[in-house]
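With chain A held as given, fit chain B onto it using these hints.
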Amino acid sequence: RKEVEQDPGPFNVPEGATVAFNCTYSNSASQSFFWYRQDCRKEPKLLMSVYSSGNEDGRFTAQLNRASQYISLLIRDSKLSDSATYLCVVNPAGTYKYIFGTGTRLKVLA
Amino acid sequence: SQTIHQWPATLVQPVGSPLSLECTVEGTSNPNLYWYRQAAGRGLQLLFYSVGIGQISSEVPQNLSASRPQDRQFILSSKKLLLSDSGFYLCAWSVGVYSNQPQHFGDGTRLSIL
Chain A
55 RKEVEQDPGP FNVPEGATVA FNCTYSNSAS QSFFWYRQDC RKEPKLLMSV YSSGNEDGRF
115 TAQLNRASQY ISLLIRDSKL SDSATYLCVV NPAGTYKYIF GTGTRLKVLA
Chain B
34 SQTIHQWPAT LVQPVGSPLS LECTVEGTSN PNLYWYRQAA GRGLQLLFYS VGIGQISSEV
94 PQNLSASRPQ DRQFILSSKK LLLSDSGFYL CAWSVGVYSN QPQHFGDGTR LSIL
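If you read the protein sequences in the order shown, they are chains A and B.
Residue numbers are given in this note's numbering: position 15 of the first sequence equals residue 69, and the series is strictly consecutive.
Residue numbers are given in this note's numbering: position 71 of the second sequence equals residue 104, and the series is strictly consecutive.
The shape of chain B in the complex, shown without the other chains:
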């Protein structure tokens, strides 16, 4: 069966520091991969998605970036964090297009910027 791993679970970082969050999927090939952010009490905001190695689509211009160095690995990065980057970061995967398949989420990373 497919599983998704996301780490770390919680992170406290100072303003201006770098960020690297990692997500890996097991049990499937060529998944579609997604990064979302959820601010406290708010809905999910799509940040990036990828449909293949090295392919990244950005939804929101900001100081974050994403990379997909391997088929089942998705990384969210920042060179300098802002206070507004605080939130709950979620990685998700799905398969195909026109497939009527849902997304599945990792456990999330709660990021606090001080």
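Chain A with its partners taken away, still in its complex shape:
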């Protein structure tokens, strides 16, 4: 089983739609969680950290479910500019490593 698993997609959604991605992780000792966005042929950029209580940043909401070992990302009112690959990242406790999922592709259609 992969340490971090994501549905590769693509998720094709119309502008204005709400879309949600899930990501599961296998290491129950995982401590820190993040969502990154990667545009084609570009470096990953931090979208948001994921806190235990859940957190929101504008149209983006992240949730953590430690019991079921998954994190989620909800995007409301999708924009064309949201089209990208979204990477789930887990930092296990006591390590310097960051474990990346392979990403979920989102295409927002006009």
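Honestly, the hints are just simulated from the structure, not real lab data.
Note that this is a predicted model, so its numbers are computed, not measured.
Backbone N, C-alpha and C define an ideal beta-carbon position, used for all residues, glycine too.
A few of these clues could be false.
Pair by pair, the computed Cβ-Cβ distance ranges are [claimed, not checked]:
#1 A73/B <-> K99/A: 13 to 23 Å
#2 K96/A <-> Q106/B: 17 to 27 Å
#3 L147/B <-> S82/A: 40 to 50 Å
#4 R75/B <-> K161/A: 17 to 27 Å
Only chain B this time, still in chain A's reference frame:
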């Protein structure tokens, strides 16, 4: 504020040639430094990381090596490149451990081996 610089942006090299990619971080001390490779259409593969000067941890046995001659400088090298070394190389930094801090990436180097 912290910044990370990585160069060159693109590189075309023949098989068997040497490689040197450099990454520097500004605005922070004693960062954790990382080298990743991303093959086309694939996920990020951790190659090396370093938590201090002269300290290198290797994740994948291969013909690449890394060095950290200064606190904020991280170098990826190879003596002889293989076709399979083609890819998008990314340098990243983070701070601490148990810190809940994310990684931050450089712009990347796109390496093509001919």
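- Task: Sort out which numbered hints this structure fails and list those numbers smallest first.
- Result: none
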